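Read off the chains here:
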Amino acid sequence: MAKTQADELAVVGKSLPKPDAMGKVSGQARFADDLMLPRMLFARILRSPLPHARIRQVDASRARAMPGVQAVLTGEDLPIKYGILPVSQDEEALCSEKVRYVGDPVAAVAATDEWIADAALEAIDVSFEALPSVMSIDEALAQPGEPIHPRGNVHKAVALEFGDTEEGLRSADHTREDVVFFEGNTHLPMEQHAAVAQYGQDGKLTVWSSTQTPHYVHRALGKVLELPMSRIRVIATPNGGGFGGKSDIFAHEIVAAKLAMVTGRPVKITLTREEVFYAHRGRHPVLMKVRTGFRRDGRITAMQFQSFLDGGGYGSYGVASTYYTGALQTATYAIPRYRFEGVRLFTNKPPCGPKRGHGTPQPRFALEVHLDKVADELGLDPVAIRRRNLVQPNSQTVNWLRITSCGLEACMDRVVADSRFLERRTAMPSGRGLGFAVSSYLSGAGTAIYWNDMPHSEVQVKVDRGGGVSVLCGAIDIGQGSDHILAAIVAEVLGVSLQDIQLTTADTDLTPIDLGSYSSRVTFMVGNAAIAAAQRVRQRLAEAAARMLHCESDELSFRGGQVGRRDHPGEAISFAQTVQAAEAGEGLISASGSYTPPKLAGPYKGSGVGPSPAYSFSAAVVEVECDPRTGEVRVPEVWIAHDIGRAINPVLVEGQVEGSVYMALGEALMEEQTFRIGVHKFPSMLEYKSPTTLEMPVVHTSLVESLDPEGPFGAKEAGQGPLLPVIPAIANAVYNALGVRIDEIPITPEKVLRALAQPSRRVGPKGVPRFAFPSPIQAARPPEWEGK
Amino acid sequence: MKVAVRLRVNGQDTELLVPPYKTVLEILREDLGLTGTKHGCELGECSTCGILVDGKPFLSCLALPLDLEGHEITTIEGLAEGSRPHPLQVTFAELGAAQCGYCTPSMILTAKALLDTDPHPSRAAIQQALAGVLCRCTGYLKIFEAVELAASRHG
Ligand code: FES
Ligand code: FES
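Chains A and B supply the protein sequences, listed in that same order. Per the working numbering, the very first residue in the first sequence carries number 1; after that it's consecutive. Per the working numbering, the very first residue in the second sequence carries number 1; after that it's consecutive.
Just chain A, with the same shape it has in the complex (with noise of 0.2 Å):
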């Protein structure tokens, strides 16, 4: 961290406009489809209409012929199969033997303008021979007919256990069990993705693509295309959203490049908004099934969590996905013994994903109602309950997850005081009830998706003799402020202004890596690596400075634009007459940093996924209107309190926190993918419903700031953690309101009614299916939880 006061900082912790703020409002800032290169050629992808099938021939011939079509590909031309996990290489860009979802692709073709090569589509023969499809939990554990991948429909099961949960459970006043459903649903980012590919007389590819994840993307390329990764260059444009959904490997990436490869020339491919429905990658479903013992004060005793999680077609994230269903349940509360079991199943539907907040929403909306139930039953209020349970800063959960800076008690007692929770929720008039829920996210995974001991994220920083300040790094802005954040840090540090900042990223050629906009990773790693590079910069032109002041060089202050004596404040250089005399002195001034998180995965199998070098936290009460007659629930009114650690940009935060309230609330009560036979119910914008400026709420947003001893300037994530606490605040308000349980995300008016006329008050799952887990990995539990 930087020596920096934090009274003195210029630029951290303000709300400034972001670098890339102006290019946005205007117009400027150019996405993937805003490109156009000449002689370029549009292509278009041909999809299975069937969600499970052989394919017999696909003869293309009358497509190959038509006027103006330049290439076409099928499954031959691509036989080399990749996956986001190295587990999971199970993908095709073109499927050649088989298909397994309405949407895989199966050909593809390059023509001089888009409806030509739109009917080239429908000039492509494709002999299909059907399989029976599967379509739900039910039907992959049940097996019907020939298995979509060759080891069967069950993708990944997994089991840990910390400490002997049954005997926790044995030794409780009261146990709870709980079954509750999270339905899927997508990321529906407004931009549609593209892509568009270049290959160079000179063998070079270069790739422009609305990617979260450029040098996952350029690692696959380099592996399906079999060309060196040193003759690839992948660029990823401003993401117009991404939400998780850009950060696969997506066939119609590989499928430009390989038509850029065969035709000579620039080659663009942009998704229908259809296509994008079913590219999803989105919110897995999710059946789970709790079971906690707790003592009569309400503590926890131990708690078992079982999920099952309906994949989709392929593995994509899912290995991750399965694990995260069961990583943080034990990040907000001391639970002393603990047993996860989850496993996810293939079934012949788009692939599922990473959304904001993967694979933990929905374990959350779980851990959250059930605290709720059981708190009604002790005679304990919400928030008591969990303050009997409440993770403190600085410790290890049962899992081996670290704790360190921990602003949850400090959420809490912001949102329920400024919405008067406790007060109101027993006196609510009718109709309106309030809920309460918390919950922990990452910043940034400590593991990488592929094994490796480089750095996650990598900074370079050049200091122009004009006084200009180069940064370059691979981060790519998906709206989350990530330009902002490496601007601001490097800003501050060198003491210019954000105006003097150039920023280069995401370009594989041009910058040093960073592995991603995910895993809410970009402002703790990007952010870290950012001050060390700057650092390392600031050191060599205080030396030179110090030299033309008369003094040591750690007198000086880097501040507006001016480097001097802390001691006697008239005596300064400027920033610029400080970089010529270092240039002077030994040549170009620049300087890299690099970010590595610590090693902080627990001594089991299956450790990787959890460990973050900071959570961050929130709390949220949520005030719900539901109309008994029609089953209608609004949101008029959220409180939401977010431990950022510090926030680097204030205004910046807020939008993503407000922006997290808003798709929580489209995920708790309209949103969801669902299908019929294989189809998508609803693959348009019109009728995949989305909250819109008239169902937004009031909401309260309260910035904690715990000062994260590791994060830059004490920053930890905002991007998906504030996200989590809603869903499940809107079941416990709605609970509060009319006294029904609705066990199963989104909260339709249909679910609610039907609620309304159930002597039991509640719709949801009634229990999950049989199946054998494998027997749990007993993990040592860390030195405090031993005999507890």
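Just so you know, not all the hints are guaranteed correct.
Said to hold, decoys possible - These stretches of chain A come out as covered by chain B in the derived footprint (C-beta under 8 Å, 3 or more residues):
id	segment
1	24-37
2	183-194
3	645-655
4	685-695
It should be emphasised that the hints constitute simulated quantities derived from the structure, not laboratory data. It should be emphasised that the depicted structure is a prediction, and the values quoted were computed from it without experimental measurement. We put the beta carbon where it would ideally sit given N, CA and C, even for glycine.
Since chain A is already given, all that's left is putting chain B with the ligands on it; use the hints.
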């Protein structure tokens, strides 16, 4: 087959020879290089492709160029005065109302149409005016504030 059309875009007359089925959205982006106009569905569902026609919000993905002959088209590129940004562009930047920035051109143009008829709109009027324009990033709140701030600066 192509047809000749004459469009007035951002104060300039242009004559074009285009296929008759090409939408205004495609013509703006591909023939006129005005890529500030975005798209999210090309089916009239998201309003990302919003432009102003005679000062009123208009979905460019649903219109054919012949429909707009004789009308005044404004795109996001036409909003600034030279290099001086429109007040809404400034407040959107200041308040972080553009996250990914993809809905932003349409959001700003739609807000401008509102302010041109109602210089000091209520929050409810802003919500109503922007209701068709989807944004997945911001939760809309900073957008409302940016419109209000621009209105208040107007005096
Ligand atoms: S692009 Fe969606 S309404 Fe025009
Ligand atoms: S800012 Fe991203 S869609 Fe509105």
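Comparing the hints with the structure gives:
Coverage of the segment 24-37 of chain A by chain B holds in this model, with 11 residues showing a Cβ closer than 8 Å to a Cβ of that chain against a need of three. Only when three residues or more bring their CB closer than 8 Å to a CB of chain B does the claim for the segment 183-194 of chain A stand; here the count is 6, and the claim holds. A count of 5 residues in the segment 645-655 of chain A with a Cβ less than 8 Å from any Cβ of chain B is obtained; the coverage claim is therefore met, three being the minimum. With 6 residues bearing a CB less than 8 Å from a CB of chain B, the segment 685-695 of chain A meets the requirement of three and the coverage assertion stands.
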